[in-house]
Amino acid sequence: MSIGNILSKSSDWLRGDGPHHHIVVTSRIRLARNLAGVAFPGRAKAAERVDVLEKIRPKVESLPEMVDAVSLACQDLSPVDKLLLVERHLISREHAAKKAGAAVVMNRRQNLSIMINEEDHLRMQSIRSGLQLRAAFKAINKVDSELEQQLDYAFDPNLGYLTACPTNVGTGMRASAMVHVPGLVLSEQINQIVQAVNKIGLAVRGLYGEGTEALGNLFQVSNQTTLGEKEEEIIDRLHKVILEIINHEQNARQVLLHNKPNTLLDHVGRSYGTLRHAYSMNSNEALNHLSFAKLACDLGFYGDAQRHAIDELFIETQPAHLQKGSQQRLATDERDVLRAEIIRSKMASFAPPDLEGVLVREKEARGGAKKEPPHGSGAGEEPSEGNLF
Amino acid sequence: MLCDVCKAQTASVFLTQIVDGKIQKVNLCDPCSKEKGVTDPTGFALADMLFGMGAAQQIGANIGSEGVRCPQCGFTQAEFKKTGRLGCSVCYVTFAEPLKELLKGMHKGLRHIGKCPERLRLTQERDSALRQFHDDLRAAVVEEKYEEAAALRDKIRALELSGGVKGD
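Chains as they are written, first to last, in my numbering: chain A, 1 to 389; chain B, 390 to 557.
Rather than coming from a laboratory, the hints here were simulated on the basis of the structure. Each residue gets a CB set at the ideal place from its N, CA and C atoms; glycine is no exception. Mixed in with the good hints there might be a few duds.
[Stated by the list, open to error] Which stretches of chain B does chain A cover? Using the computed rule of at least three CB atoms under 8 Å from a CB of chain A, they are:
(1) 461-474
(2) 478-491
(3) 501-515
Chain A with its partners taken away, still in its complex shape (with noise of 0.2 Å):
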């Protein structure tokens, strides 16, 4: 299978079918591994990372999981290619960069995904749409277990797996969901809940990992800690941390509504207003209309069809998509000219959010509390998902 093949093809997770996928996005489980006796990748010599590559690449392809995969190799990889595979999470920023040696081999579903000297060795990737920590540990996990049977790990008993640098080393593992928290960030939450998750040994990082600026709403909580815990106690402990955050979103929302309607409606309608009618627009501002497009999904205002869409314009409106798209490489302003169309064109038939008639609901629903809450959904009750209203 080529790489046209595959990146045709949206990647499995973008269906958004997994729980809790109103707010958590992607679930992500990362190992690191190493071989024994071999210089990790940043101090090996091109010779030296040849060889890993030679030796490592035939098992990973050979991987029951890896049927149907594609197996590229960095320095055959186009500058866009590597893009628009950093802007779907199969590789990393630092990965595209690298030459002799690197490679990635991924499976057509494009939720497994195994980097082979990156950083370390081996970085494998599990991606499950939604809150699936568990489900996509269970299967990075078996893709280890069948490769360690045939690789020599650099393992030590008290130190577990070693990795190049001492952050991963232990476990070797990144356990990560991606959450969508508007509520958070315009009831100005969010700081808090940063530290109060680094507090317990996550952290919290942007769209595309350390580093990286928090766009479009979107944050990734991971674990910071790799030595000292099982694998499933860091992930269940993430888990509830998720959760938790899922809870504080929602009850931001619910609050909003309730006693700032006006702001939380303004966003959502401005939103609309520009990502219809706009004719150029940056990735960054995309991101952060696209988010507010996102939440008037799960406020009810429209159906499955067109949360698909704006799932979709996520991916489809970052930089290395709109080239790819068009077939030929695009100086800024004419992308961002392009990604305005694209948004125009695929939110065409989206009718307006009808946002007057929630502050009619939310008027009569107060009026209505003071004697008894209506239908049931007086304030301090947890909403459902999606049926805020």
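Knowing the structure of chain A, use the given hints to seat chain B on it.
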């Protein structure tokens, strides 16, 4: 050791960070660490945040004795300090001492309790069973329980034959 911030309470949180190749250490008491929100060692330049630029205690020279070089890959401490990465798996032995301090500030514990490669686990289990049998055998001989000793000797032989790990 007293907290570097309040200088009153005993420090219980020890953070180590490599910034631009320089190792910085900060010792905090529990309340101060909570107040600063510092349990994420990579989230910010910790020493700079706590004390202002350049005021951090630089302990670059203290990380092991100068000039240690990994016998496997030739990596030096200077390179480790510069990149924050190790050169190969043997570096974990070469730089074990300074690493211990670093890992203490980074992780929940200093001992891996998670997954272990199956082949290695089996070898380790066999080795530990063998050690136990040898101990029991010595005890049986001392106590002149020769029947028991003979049974143990057979068990040891069987186990050694199954994997040939003796003296591994």
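Checklist entry - Any of the earlier hints contradicted here, and which numbers? => result none
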